[in-house]
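Asker: One-letter residues, chain by chain:
Protein chains: 2
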Amino acid sequence: MTRKMHLNAFTQCSICHHSKGQWKHPLDRTSTGYRDVGYWVDLARTLERGCFDSLFLADVHGTYDVYKGSRETAVKHAVQIPGNDPTVIIPAMAHATSHLGFACTYSTTYFPPYQTAKLFSSLDHLSDGRVAWNVVTSYLNDANKNFGITEPLPHDQRYDRADEYMDVVYKLWEHSWEEDAIVRDVEADTHTDPAKVHEINHVGEWFNVPGPHMCEPSPQRTPVIFQAGQSGRGNEFAARHAEAIFCIHPNTELAAPGVKSVREAVAAEGRAPDDVKIIQGVAVIVAPTDEEARLKERTCRRYASPEGVLALFSGWAGIDMSELASGKNLEEYESNAIQGVLSFFSKIAPDREWTVDEIGEFMAIGSLMPKIVGSPATVADELERWMAEADVDGFNVHAVTQPAGFEDFVDLVVPELQRRGRLRTDYEGSTLRESFFGAGRRRLPETHVAHRALPPWRKAGA
Amino acid sequence: MTRKMHLNAFTQCSICHHSKGQWKHPLDRTSTGYRDVGYWVDLARTLERGCFDSLFLADVHGTYDVYKGSRETAVKHAVQIPGNDPTVIIPAMAHATSHLGFACTYSTTYFPPYQTAKLFSSLDHLSDGRVAWNVVTSYLNDANKNFGITEPLPHDQRYDRADEYMDVVYKLWEHSWEEDAIVRDVEADTHTDPAKVHEINHVGEWFNVPGPHMCEPSPQRTPVIFQAGQSGRGNEFAARHAEAIFCIHPNTELAAPGVKSVREAVAAEGRAPDDVKIIQGVAVIVAPTDEEARLKERTCRRYASPEGVLALFSGWAGIDMSELASGKNLEEYESNAIQGVLSFFSKIAPDREWTVDEIGEFMAIGSLMPKIVGSPATVADELERWMAEADVDGFNVHAVTQPAGFEDFVDLVVPELQRRGRLRTDYEGSTLRESFFGAGRRRLPETHVAHRALPPWRKAGA
Numbered sequence: 003m004t005r006k007m008h009l010n011a012f013t014q015c016s017i018c019h020h021s022k023g024q025w026k027h028p029l030d031r032t033s034t035g036y037r038d039v040g041y042w043v044d045l046a047r048t049l050e051r052g053c054f055d056s057l058f059l060a061d062v063h064g065t066y067d068v069y070k071g072s073r074e075t076a077v078k079h080a081v082q083i084p085g086n087d088p089t090v091i092i093p094a095m096a097h098a099t100s101h102l103g104f105a106c107t108y109s110t111t112y113f114p115p116y117q118t119a120k121l122f123s124s125l126d127h128l129s130d131g132r133v134a135w136n137v138v139t140s141y142l143n144d145a146n147k148n149f150g151i152t153e154p155l156p157h158d159q160r161y162d163r164a165d166e167y168m169d170v171v172y173k174l175w176e177h178s179w180e181e182d183a184i185v186r187d188v189e190a191d192t193h194t195d196p197a198k199v200h201e202i203n204h205v206g207e208w209f210n211v212p213g214p215h216m217c218e219p220s221p222q223r224t225p226v227i228f229q230a231g232q233s234g235r236g237n238e239f240a241a242r243h244a245e246a247i248f249c250i251h252p253n254t255e256l257a258a259p260g261v262k263s264v265r266e267a268v269a270a271e272g273r274a275p276d277d278v279k280i281i282q283g284v285a286v287i288v289a290p291t292d293e294e295a296r297l298k299e300r301t302c303r304r305y306a307s308p309e310g311v312l313a314l315f316s317g318w319a320g321i322d323m324s325e326l327a328s329g330k331n332l333e334e335y336e337s338n339a340i341q342g343v344l345s346f347f348s349k350i351a352p353d354r355e356w357t358v359d360e361i362g363e364f365m366a367i368g369s370l371m372p373k374i375v376g377s378p379a380t381v382a383d384e385l386e387r388w389m390a391e392a393d394v395d396g397f398n399v400h401a402v403t404q405p406a407g408f409e410d411f412v413d414l415v416v417p418e419l420q421r422r423g424r425l426r427t428d429y430e431g432s433t434l435r436e437s438f439f440g441a442g443r444r445r446l447p448e449t450h451v452a453h454r455a456l457p458p459w460r461k462a463g464a
Numbered sequence: 003m004t005r006k007m008h009l010n011a012f013t014q015c016s017i018c019h020h021s022k023g024q025w026k027h028p029l030d031r032t033s034t035g036y037r038d039v040g041y042w043v044d045l046a047r048t049l050e051r052g053c054f055d056s057l058f059l060a061d062v063h064g065t066y067d068v069y070k071g072s073r074e075t076a077v078k079h080a081v082q083i084p085g086n087d088p089t090v091i092i093p094a095m096a097h098a099t100s101h102l103g104f105a106c107t108y109s110t111t112y113f114p115p116y117q118t119a120k121l122f123s124s125l126d127h128l129s130d131g132r133v134a135w136n137v138v139t140s141y142l143n144d145a146n147k148n149f150g151i152t153e154p155l156p157h158d159q160r161y162d163r164a165d166e167y168m169d170v171v172y173k174l175w176e177h178s179w180e181e182d183a184i185v186r187d188v189e190a191d192t193h194t195d196p197a198k199v200h201e202i203n204h205v206g207e208w209f210n211v212p213g214p215h216m217c218e219p220s221p222q223r224t225p226v227i228f229q230a231g232q233s234g235r236g237n238e239f240a241a242r243h244a245e246a247i248f249c250i251h252p253n254t255e256l257a258a259p260g261v262k263s264v265r266e267a268v269a270a271e272g273r274a275p276d277d278v279k280i281i282q283g284v285a286v287i288v289a290p291t292d293e294e295a296r297l298k299e300r301t302c303r304r305y306a307s308p309e310g311v312l313a314l315f316s317g318w319a320g321i322d323m324s325e326l327a328s329g330k331n332l333e334e335y336e337s338n339a340i341q342g343v344l345s346f347f348s349k350i351a352p353d354r355e356w357t358v359d360e361i362g363e364f365m366a367i368g369s370l371m372p373k374i375v376g377s378p379a380t381v382a383d384e385l386e387r388w389m390a391e392a393d394v395d396g397f398n399v400h401a402v403t404q405p406a407g408f409e410d411f412v413d414l415v416v417p418e419l420q421r422r423g424r425l426r427t428d429y430e431g432s433t434l435r436e437s438f439f440g441a442g443r444r445r446l447p448e449t450h451v452a453h454r455a456l457p458p459w460r461k462a463g464a
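Chains as they are written, first to last, in my numbering: chain A, 3 to 464; chain B, 3 to 464.
Any given hint might turn out to be false.
One copy or two, either will do: identical chains are not told apart, so a pair holds if it fits within one copy or between any two.
Stated by the list, open to error - List of simulated lysine-lysine pairs, DSS-like, C-alpha gap at most 30 Å:
{"id": "1", "residue 1": "K26", "residue 2": "K373"}
{"id": "2", "residue 1": "K198", "residue 2": "K147"}
{"id": "3", "residue 1": "K70", "residue 2": "K147"}
{"id": "4", "residue 1": "K6", "residue 2": "K279"}
{"id": "5", "residue 1": "K6", "residue 2": "K330"}
{"id": "6", "residue 1": "K70", "residue 2": "K198"}
{"id": "7", "residue 1": "K26", "residue 2": "K70"}
{"id": "8", "residue 1": "K373", "residue 2": "K298"}
{"id": "9", "residue 1": "K330", "residue 2": "K147"}
{"id": "10", "residue 1": "K198", "residue 2": "K26"}
Simulated from the structure, these hints should not be mistaken for laboratory data.
Use the sequences and the hints to build the structure in full.
Answerer: In structure tokens, the structure reads:
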């Protein structure tokens with residue numbers, strides 16, 4: 003049987019997401035649409051028509067201020083600012099759809115676990131079990147300051163704390179309310195059996211949370227866990243917790259060993275290989291013919307703002323890219339940091355002469371994501387090649403112009419993938435976890451770390 | 003001209019709200035509806051049909067565990083548990099309506115101001131300016147523990163901190179983004195003019211927040227501020243910040259001086275009398291005739307769970323009401339705390355012999371709210387009497403059976419109020435602030451404390 007492909011639409015409640023400058027494109031609607039419920043409802047319906055697994059909403063809590071040592075460039079090019087909270091848009095989209103899932107970034111650094119548990123249980127109820135949580139530990143210095151964090155934790159310790167954070171929310175989601183706690187026994191005047199609602203009494207290094215959870219068990223209990231580990235400790239965290247790990251490899255050659263090592267890390271956590279879906283980010287421009295697609299790309303490039311994406315990259319890398327001279331090959335710099343940047347981009351294209359202008363141009367469309375431009379057959383070929391050669395399970399699709407690019411993908415690529423037997427023509431079940439893992443699997447499998455310490459009432463088979 | 007009445011529907015994303023036990027009533031839909039988007043969308047449409055100002059959603063972050071020294075009773079009777087986060091349901095309801103406002107409780111104790119500002123700006127955008135924030139400082143000991151707060155601030159200090167908290171969010175909402183910051187200048191490749199997005203650089207006793215705000219100016223900028231000060235320091239806080247102050251006076255005689263003193267406190271803050279609407283909580287049971295309404299009440303009382311409401315009251319008062327003997331007049335107790343309770347209820351009904359059973363029975367329908375039971379004319383008469391004798395501006399309407407009680411109010415009381423010229427037949431403007439204060443007033447007036455320290459760019463008339 004042909005291995006099925008998973009598809010998430012990757013975006014943000016902000017403007018242009020990973021293709022800075024596209025707000026100037028005549029088909030862009032993000033510049034005002036991002037703050038309009040109707041925009042999101044329409045997009046959700048489009049994606050459900052295309053049998054996508056989910057709409058995946060990134061989030062950020064501060065501005066990118068490394069470039070030129072100021073946030074000026076980020077503000078000018080709408081680099082993730084202005085932006086809205088993504089959690090509140092989900093139930094409206096869920097109400098307009100019946101199967102599409104909704105993944106949402108939420109930070110373990112800025113929100114207490116008790117609230118996070120309540121929020122995601124609420125979203126899971128309101129979407130009938132179609133929510134995923136993209137767990138991030140947050141690193142942006144500017145955001146930390148806004149939350150009063152003057153001494154952020156070192157990277158690895160941030161993940162240690164996040165491990166305990168996950169322990170707390172798992173206990174609230176999985177081990178506080180028994181499945182049949184709500185009895186609605188009119189005769190006994192009992193809505194809920196108090197003996198079946200348990201405190202969690204978590205006492206740890208970072209958190210003390212007695213519980214119980216405020217919410218009754220939602221369809222999935224624990225939302226589908228997304229993560230993007232990008233470091234040693236981050237990968238370990240992802241291998242332990244994530245059900246979908248997303249990555250942005252520049253090409254299949256580099257992706258293949260990366261994916262293999264993630265799968266090995268997952269196995270080392272005692273999990274089945276299929277317990278984690280590996281999802282690669284790709285920027286797609288599709289049109290009826292290859293030639294039209296290339297023309298489309300050229301139009302998009304005309305609207306691109308390389309300076310905006312350099313502000314983004316400077317924030318990610320912690321290097322002020324404005325200090326690099328236009329036209330000067332990165333090879334000519336002595337600084338280790340710049341050599342690190344060069345080494346990174348050389349992997350993407352070894353033969354290209356990388357200057358700051360080349361980096362800006364490369365990233366202006368879909369930032370670091372591989373760009374796939376072509377006819378439906380060309381795009382489908384390329385996605386299939388990624389699955390075959392890099393062993394990824396699916397894709398976070400970035401549309402360069404939004405929402406038009408997503409509509410194009412659904413109208414052109416989706417039928418091609420379905421014709422090839424690569425993509426569902428109907429959803430497997432009713433929850434997001436079932437979309438990823440098959441009908442009937444609404445809950446975390448027993449091998450997941452959330453179940454490592456079962457409370458007595460679960461051991462008893464309840 | 004007849005003074006217009008303001009109406010909010012007061013409820014919670016939980017079960018039965020202030021009338022414990024009604025989940026057993028055949029017309030109750032809260033027991034499953036509270037976690038269903040469709041339920042909320044239907045309710046919002048009903049309220050908009052009835053020209054209500056807003057749907058007002060309470061929230062809580064812990065369980066009531068004073069009664070019997072345990073949360074058992076609260077869980078059994080679904081006393082605000084299970085419950086969902088109310089913020090996430092608002093955009094779905096906003097999308098299904100065009101004028102109804104949405105007020106939502108959010109705690110200054112549990113959420114950082116930077117996040118609160120982003121969340122409410124997002125909601126104000128997504129609802130086209132129809133959001134209110136009910137500012138609470140939170141007191142529930144059980145909730146504090148879940149947020150890792152082992153030494154809660156003393157009452158007055160909680161309000162000092164909340165004053166500074168408001169200062170932070172006002173700066174983010176009102177003083178960070180200039181109105182015309184977003185320029186979308188294609189030629190200049192400038193989406194937003196960085197010179198018009200300002201840091202707030204708040205440095206205070208409790209918070210340090212540099213900003214700028216993540217969100218562009220929303221239709222109302224600052225959401226309509228709701229508050230329910232119930233103490234000296236709380237009243238001061240409300241008089242300074244609130245645009246709608248809600249109260250639960252037991253009768254008009256006690257309400258009149260209370261309302262007068264609030265209006266004086268508002269004036270003392272340099273605000274106009276009309277800058278604050280005073281909203282009284284009432285529990286309404288309406289039917290085509292008085293007799294039918296009384297029958298309806300009797301049915302509701304058959305389903306009431308006095309023990310549930312005693313658990314609620316024990317949490318509010320910090321007194322374990324289970325220790326009082328059934329049938330024993332509160333006069334017979336020596337404890338100051340019990341005498342305080344007696345003095346409270348004696349004001350409600352001086353001639354009643356108050357026992358714990360009487361308290362439970364009184365509160366089982368609409369807790370401490372005055373109960374208004376009768377035909378549309380009777381209910382309208384009583385609401386008009388409250389306005390005339392106590393000088394309140396409107397009502398938080400609690401429906402005993404939900405959503406049926408709200409539907410009854412809209413179908414029966416609303417036309418009667420409209421016939422009397424008391425209630426709008428169409429909305430004044432498009433934002434919630436305009437519903438409260440008239441067409442054109444989408445923003446806080448310049449007399450409001452939020453504008454006390456104007457930043458230079460606003461002084462310049464921008």
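Asker: For each hint, tell me whether it holds in the structure or not.
Answerer: Do the hints match the structure? See the list:
1. K26 <-> K373: Answer is within: at 20 Å inside a copy they meet the 30 Å cutoff, but 58 Å across does not.
2. K198 <-> K147: between (42 Å within a copy, 21 Å between copies)
3. K70 <-> K147: within (19 Å within a copy, 44 Å between copies)
4. K6 <-> K279: The answer is within: 11 Å in one copy meets 30 Å, while 58 Å across copies does not.
5. K6 <-> K330: For K6 and K330, the Cα distance exceeds 30 Å both inside one copy (45 Å) and across copies (71 Å).
6. K70 <-> K198: Only across copies: K70 and K198 sit 18 Å apart there, 57 Å inside one copy, limit 30 Å.
7. K26 <-> K70: within (24 Å within a copy, 64 Å between copies)
8. K373 <-> K298: Cα proximity of K373 and K298: one copy only (13 Å, versus 66 Å across).
9. K330 <-> K147: Neither, since 35 Å and 57 Å both go past 30 Å.
10. K198 <-> K26: Answer is between; shortest inter-copy Cα gap is 20 Å, intra-copy 56 Å.
The structure shown violates the earlier hints numbered 5 and 9.
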